Amino acid sequence: MKSLGLATVGGILWGGYIDNSKASSPVLRPPGAVREYRFLAQCIKCGMCVEACPYHALVLAASGDRRPIGTPYFLPRERPCQMCRDIPCVPACPTGALDSSLVKERDESGTERFEINRARMGLAVIDRDTCIAYWGIQCDACYRACPLLDKAITLSYARNDRTGRHALLLPTVHSDACTGCGLCEHACVTKKASIFVLPREIATGESDVQYVKGWDTMDEQRVRDVPTEIVTKTKRSEKAPLDYLNEQDLKSGE
Amino acid sequence: MNNILVKNRYLLARRFSQGAVLALFFAGSAYGWIVLRGNLSASRLLDALPLADPFAVLQVLATGTIVGLETFVGAVIITLFFGLIAGRAFCGWVCPVNVVTDAARWLGSRFNIGQAEGTVRVSRNMRYWALGLSIVISTIAGVAAFEWVSPISMLYRGILFGMGTGWAVALAIFMFDLLVIRNGFCGHVCPVGGFYSLITRFSLLRVRYERERCSLCMKCLECCPEPQVLDRVGRESGFVSSGECTNCGRCVEVCNDHAMEFSNRYSVKGV
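Just so you know, the sequences run in chain order A and B. Residue numbers 246 to 499, in the numbering used here, belong to the letters of the first sequence in order. Residue numbers 43 to 313, in the numbering used here, belong to the letters of the second sequence in order.
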């Protein structure tokens, strides 16, 4: 009976602690990591990916790091992912928490090989208020550091409305190409990086299926594939609208 | 001097084994040796043979997640090794917490500090409750519950990858064992010990007790971290059959009558 009591008290405290510490500060996972909620379940905390990382970018969360304990992550401002072409951290994983199929692709001959550019570790986000390029200072540190030059970060000219007589050379991140390696964050010249990588779940939104990009044949095609007759079933849709009208008419006529 | 070595031969062998495993993991992590990579949760031996903690894998499976084949095979290998051959030897020969708990036990009995066992009574079956809770909480919370709090992994990861505040856990176990319950963590609470106790019930390597040689000095019971497994001492010859025996060999080396010997379960008596 005493054991049952202790087990109940201990179990509630234990479960509560785990539930709390799961919701810790956002972390960037190694390339090929499965979705975060699954990663937390599947990673066995062996650290073999950390040992495999030749640049010592990956660290294993120690207790007191305020990150899910024992799981691998990296801090791009300190050590960004260097985008190894053979991605040694991924085959090191014994559990499949780092899934090699997410970072592999078939080349022309049909053989599978690692393609680090498929990695989606996070998404770079720019703070336009502190980024000095948006002030009008010519800086392209992040653009030059990006391994997907002109794909993940592009530069565009814009008129400097503030001075009225200068140009702005503005970096923009493209989420379809950004891998989240953090080389831009590492290269950023401001005191605290004005371009920084966030986990994709935090940095991306999700659009509804019915919104269409106009004048975009591909996107119009996507909508064409969506079934046009969308049936919504609620309690009210059991009867046709006319039935409701008739019902009300009958009642008010009495 | 020689006598001291002989009288502590298993203790020395265990410390060597614990140190060697840790050193090999450390060399793998720090210098890239391929003998042992990873840690106690999952590892690779000589870059070929996968090994994994079966209890951790069980918790991962309880969350409804399928682990990779390599980890699964590794867990089966470890289960077979301890379950069929070595018994609960993980606790005494590999686990780093054993050093902490032994230190507290030695200090406590040497200088008569803290509670003698039995003053604060917690059932040794607590570990089976903890084992069950690990599975239940893993299922509900969706993460391997004991791996989230395990002082074993915390210590090991701490030494290999950076300690953080992990030393506090070792201190907590030390104080708990020294001042609250003797062998409190390893002998009462730890679900890993409970897990190995359950799967090693039929393992080969066993301590054998000979009643005819025994002079009933009870040294074995004094030193045993799981004295309930020596229930046959003073009564009848035979194997220590409980899976809770850690095969630490302490009873064998302290016995002056050669009444305790390592043997295998299926050897014919007297051979």
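To be clear, the hints were calculated from the coordinates, so they are not data collected in a lab. Among the clues, some could well be false.
Some chain B residues well away from chain A (every beta-carbon gap over 12 Å; in silico) [what the hints assert, rightly or not]:
1. Glu189
2. Arg199
3. Gln270
4. Asp299
So the derived list for chain B, only partly shown, Cβ under 8 Å to chain A, looks like this [said to hold, decoys possible]:
5. Ser71
6. Val77
7. Asn81
8. Ala90
9. Pro92
10. Ala94
11. Thr107
12. Ser165
13. Trp171
14. Ser195
15. Gly204
16. Gly206
17. Gly276
18. Glu278
19. Ser309
Computed from a predicted model, the values in this text were never measured in an experiment. The beta-carbon is built from N, C-alpha and C at its ideal position, and this holds for glycine as well.
Hints versus structure:
1. Glu189: violated, 6 Å
2. Arg199: violated, 6 Å
3. Gln270: holds, 15 Å
4. Asp299: holds, 37 Å
5. Ser71: Holds. Min distance 5 Å.
6. Val77: violated, 13 Å
7. Asn81: holds, 6 Å
8. Ala90: Violated - the Cβ of Ala90 (chain B) stays beyond 8 Å from chain A, reaching only about 12 Å at its closest.
9. Pro92: holds, 6 Å
10. Ala94: holds, 7 Å
11. Thr107: holds, 4 Å
12. Ser165: With a closest approach of 5 Å, the Ser165 (chain B) hint holds.
13. Trp171: holds, 4 Å
14. Ser195: holds, 6 Å
15. Gly204: Gly204 (chain B) check passes; min Cβ-Cβ to chain A is 5 Å, inside 8 Å.
16. Gly206: This interface hint holds because 3 Å falls under the 8 Å limit.
17. Gly276: violated, 29 Å
18. Glu278: Since the shortest Cβ distance to chain A is 30 Å, the answer is violated.
19. Ser309: violated, 37 Å
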